[in-house]
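K.L.:
Sequence:
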Amino acid sequence: MDDAFAWVLVNARVPKEPTRHRVAVWRALRKVGAVPISSGMWAAPKLPAFEAGIDGARLLAERGGGSVAVFVVTEESGSDVDYLRDSFVAARRDEWTELLAECARYKVEIIKEIAIEKFSFAELEEEEQSLERLRRWYDELSARSVFALQEQGAAGAELDACQRALDGYADLVYRAAELGTGPHIVIDE
7 MDDAFAWVLV
17 NARVPKEPTR
27 HRVAVWRALR
37 KVGAVPISSG
47 MWAAPKLPAF
57 EAGIDGARLL
67 AERGGGSVAV
77 FVVTEESGSD
87 VDYLRDSFVA
97 ARRDEWTELL
107 AECARYKVEI
117 IKEIAIEKFS
127 FAELEEEEQS
137 LERLRRWYDE
147 LSARSVFALQ
157 EQGAAGAELD
167 ACQRALDGYA
177 DLVYRAAELG
187 TGPHIVIDE
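Here the sequence shown is numbered in the working numbering, starting from 7 and rising by one per residue.
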């Protein structure tokens, strides 16, 4: 995506007590993909995908007796924009790296289930739910990733590998149900 867009700085002020209001605002901003740049100050691209989440954070702050001020930083701000972009990209890279690690753990779990020959429909359903959770996470990260990052492509490839691992495991579960046992398969590592 072209990165010639403005940025917003979101200054969230919420009373310290009760803490649930501050935490709710923080979670709303994190969920939309805003990145913290200092105490109470968050940054996000000024794009429609982020506006609804920022508006939601504003409502949460107001419900908690606080407020949210939004400031626009334009591309003319030079190094300031570079700082915001770098902070945003670093946060996205961290999130993609975490998803990649979870995909690796998922494949290890499938390998473990095959090794101990745990070919049950209950386990298959659990693994399907785990993969669906990883897919939702990928979709959430994609929605807030406005820069083309290598980690996003790698995560997409890892999700495909997870799907192949699950397909192989599902085949073994169905064979075991029909025959009482199933052959072993090789899973991408």
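Since the hints were made in silico from the structure, they are not lab data.
Bear in mind that the values here come from a model prediction, so they are computed numbers and not experimental data.
Keep in mind that the hints are not guaranteed to be accurate.
What the hints assert, rightly or not - Here are the simulated distance ranges between beta carbons: (1) Gln156 x Asp177: 12 to 22 Å; (2) Pro24 x Thr80: 31 to 41 Å; (3) Glu184 x Arg99: 44 to 54 Å.
Glycine included, C-beta positions come from ideal geometry on N, C-alpha and C.
K.L.:
Each hint: holds or not?
P.N.:
Here's how the hints hold up against the structure:
Restraint check, Gln156 to Asp177: a C-beta distance of roughly 32 Å breaks the suggested window 12 to 22 Å. For Pro24 and Thr80, the hinted distance range of 31 to 41 Å is satisfied, since their beta carbons lie about 37 Å from each other. The hinted window of 44 to 54 Å between Glu184 and Arg99 holds, with their beta carbons roughly 45 Å apart.
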